[in-house]
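Going line by line, the protein sequences match chains C, X and P. Going by the working numbering, the first residue of the first sequence is number 4, and it counts up by one from there. Going by the working numbering, the first residue of the second sequence is number 2, and it counts up by one from there. Going by the working numbering, the first residue of the third sequence is number 82, and it counts up by one from there.
Calculated directly from the structure, the hints in this document are not laboratory data. Just to be clear, a hint being listed does not mean it is correct.
If you anchor each label on the Cβ, the simulated ranges turn out as follows [claimed, not checked]:
#1 P:C148 x X:Y13: 51 to 61 Å
#2 X:D168 x P:C148: 30 to 40 Å
#3 P:D220 x C:A51: 52 to 62 Å
#4 C:E26 x P:K91: 46 to 56 Å
#5 C:L113 x P:K91: 50 to 60 Å
#6 X:D201 x C:L220: 42 to 52 Å
#7 C:V117 x X:R3: 52 to 62 Å
#8 X:D173 x C:L22: 37 to 47 Å
#9 X:Y13 x C:I213: 30 to 40 Å
#10 X:R69 x P:T275: 49 to 59 Å
#11 P:A307 x C:L116: 52 to 62 Å
Cut-off 25 Å, straight-line C-alpha distance, at most; resulting in silico cross-link-like pairs (DSS-like, lysine-lysine) [what the hints assert, rightly or not]:
#12 P:K91 x P:K156
#13 P:K306 x C:K161
#14 P:K91 x X:K213
#15 X:K180 x X:K151
#16 C:K161 x P:K153
#17 P:K88 x P:K306
#18 P:K89 x P:K156
#19 P:K88 x P:K156
#20 C:K161 x P:K156
#21 X:K156 x C:K5
#22 X:K180 x X:K156
#23 P:K306 x P:K156
#24 P:K153 x P:K306
Virtual Cβ for every residue (Gly too), placed ideally from N, Cα, C.
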Amino acid sequence: MKLLRQTLLLLRKDLLLELRRHESLMTMFFFGALLLFVFNFSFELTPARVSELAPGLLWLAFLFTGTLGLTQLFEGERGNHCLDALLMSPIDRGALFLAKTCFNIVLMGLVELVVMPLFWILFSLPSWQPLPALFLIVFLGNVGFCVLGTILAAVTLKARARELLLPLVLFPLMVPVILATIRCMEALLRFGELGEALPWLRLLIGFDVIFLTVGILIFDWVVDV
Amino acid sequence: MRITVHQLAKAYGYFWALRDLEIQVGGGERVALLGPNGAGKTTLLNLLAGLIYPTRGEIRLDGVPLTRQSNAQRAAIGLLSPGEHLYDDLTARENLEFFTALYDRQRGPISIANAIEETLEAVGLGRWAGEYAGALSSSMKCRLSVAKWKLLSPKLLLLDEPYGVLDGGGVDLLESFLKAQSEQGSVVIIASHHVARVLDLCTRAIILEQGKLIFDETRREPWDSFARAFGAFTPGGNR
Amino acid sequence: MPQVTGKKRKGILGAATLVFIIAGLYWGLIKAPPDAYQGDSQRIMYLHIPSILIAYLSFFLVFVGSCLYLWKREKRDDNLAHAAAEIGVLFTALTIIEGSIWGRPTWGVWWTWDARLTLTAILLLIFIGYLMLRALVEDESRAASSAAILGIIGFLDIPLIHMSVYWWRTLHQPPSILRPDKVPWENIHPELLTALAINFVAFVLLYFYMLSHRLRLGEMHEEIKARRMR
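Chain C with its partners taken away, still in its complex shape (with noise of 0.2 Å):
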């Protein structure tokens, strides 16, 4: 299908530009890790209290590595203003949008799978069994975040204060993605299992399905003027 094809030829680019670059990846590396430590800090985290806090606490770190990561997700194009040259190309607006999202989402992955155990080190959670599930689960937040953020990211391309900017209307709108991921993860920290908080997945998978179809059908006008 031209999309897919359209989609995995950007993505393939920007993944070997990072991987020359290192750019985003780095940063956001050393953010999040960064985060732990202010947050051991900034709260009394006992034994006792750790589990409570984590899903909250691992949320504020990913959202402010991801909006890192959101911020960096058009530089790539800026040099040479090669972002003109993707427009001006007759591939479909819906594959940039899908690209750059699934670039996003598995750079906020990997800074996932390295921050949740250094998280569990750091703070010696007691049972390293849910983290599978928790993995799920973020990821799943990760696309709703990375969905939106893309979107807004490109909406605020050309805008000033960007850096502001973009936090200030995506987080709102991230509301439900935040709730229903804590939730989850609490529920599975508490109880191994997600019982009653399963509502809450389906909001979440609801998100993520609305935002996408919304993203690939309105970026047409996303990138225009």
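Here the structure of chain C is known, so what remains is to put chains X and P in place on it, guided by the hints.
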């Protein structure tokens, strides 16, 4: 390829960059787009490239209006801006591979690879095919752009100040490429400050000033009378 | 919409608004009896409930304007979205202030993270983000499309935000005796309902009156721009 520009106007806030332009260009023409800085040349090129959209009026390619959704039309338009639209962290070869794939010009992996190598040789970049585009000098980068558009072969080719960075060999290369394109029926529009050079190459001259069209003549013989008509618009004869 | 900006119609609208505001003030402050539990502080509900409804109406108009603008690219629709957002943010802020004023004597605190207040605060943030986006993007038509996208996404997100915030507050808390977000309609004195209805109409009229002025302002902006072309 026939370009029709009808009552085209573009405003940025309160500032009108272009006002009420009417132009018609046919295939095979090479048009010199001239005028002082701020006259609106780059704005017009960006509008024709489909990068920005008019405040008023319309552009038609072969009778079909150029709109946001015209992906098929985009495949036929090229914009050559020296130093731009190339990825610094991809090699020369990778850049060409990427763009040919983007424009769906890959007839088959082997034939496109050959075409890329041949084109790189033809523009004199054979030895630098594996170098990062960012490491190339500006004149080499411009040659790479020429290579790119040679492979993509657009029906409408727009150039924004190409003469500044090219060396002698590069200029000859560019001009023979442009002549070949227009012979195939493409439209070539060059915005430049190098008046003498571009007039030599082109079949028609258009002058913009403060967003308005003030001169639009096809080059005609005897050259003297054309030069005189043109000279009336250039204070002091030389810019 | 454009017809509303005509001078005569604005005059009639303005007069009607004034009539209803005065009537609303009379009914709300004097005629309707004080609430059995909350006393006179309950009267702020006559402002608070219409305010929040108008805020949501505003966002709906932003959505409509945004969709129309992306579809037809007419300045008029973008003007509508912008105007609705500006007045909407005003009414949303008013709602929060009124809610806070009501909360102080009722619950003893200026703020609480109950579902309704939280939702209103989020709505305010979304509106502010929308207006900031418009202010910070330089090219006008780009600002218009960017804002339109945000308007559409924001509107689509609101039901999801609602659901998540309500679940957050209700699924994990035992039902409390004082449920500030539940108004028992069955038990309301008819006079209170009348007062509420009159004030609601007053607010709607006030809203459209302000909107018509704001729309006219936008139109004049466009006229100036067109004149400068010559």
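Worksheet item: Straight-line Cα separation of K88 (chain P) and K306 (chain P) no greater than 25 Å?
Response: holds (22 Å)
Worksheet item: Holds or violated: 46 to 56 Å for the Cβ distance of E26 (chain C) and K91 (chain P)?
Response: holds (55 Å)
Worksheet item: At the C-beta level, are D220 (chain P) and A51 (chain C) separated by a distance inside 52 to 62 Å?
Response: holds (54 Å)
Worksheet entry | Cβ distance range 30 to 40 Å for Y13 (chain X) and I213 (chain C), holds or violated | Holds, at about 35 Å.
Worksheet item: Should the hint that V117 (chain C) and R3 (chain X) are 52 to 62 Å apart at their CB atoms be regarded as holding?
Response: Distance hint for V117 (chain C), R3 (chain X) holds at roughly 57 Å.
Worksheet item: K161 (chain C) and K156 (chain P): Cα distance at most 25 Å?
Response: Holds. K161 (chain C) to K156 (chain P) sits at ~20 Å (cutoff 25 Å).
Worksheet item: Does the alpha-carbon distance linking K180 (chain X) and K151 (chain X) stay inside the 25 Å limit?
Response: holds (12 Å)
Worksheet entry | Status of the given 42 to 52 Å range, CB of L220 (chain C) versus CB of D201 (chain X) | holds (49 Å)
Worksheet item: Keeping to a limit of 25 Å between CA atoms, is the pair of K306 (chain P) and K161 (chain C) held or broken?
Response: OK: K306 (chain P) and K161 (chain C) at ~22 Å, within 25 Å.
Item to complete: Could you tell me whether the CB distance from D168 (chain X) to C148 (chain P) stays inside 30 to 40 Å?
Response: Given a distance of about 53 Å, which is not inside 30 to 40 Å, the answer is violated.
Worksheet item: Hey, K153 (chain P) versus K306 (chain P), does the alpha-carbon distance stay inside 25 Å?
Response: Distance of about 20 Å is within 25 Å: holds.
Discussion item. Can you tell me whether the CB distance of R69 (chain X) to T275 (chain P) sits inside 49 to 59 Å?
Written reply: For R69 (chain X) and T275 (chain P) the Cβ distance comes to about 52 Å; the hint holds.
When held up to the earlier numbered hints, the structure conflicts with 1, 2, 14 and fits the remainder.
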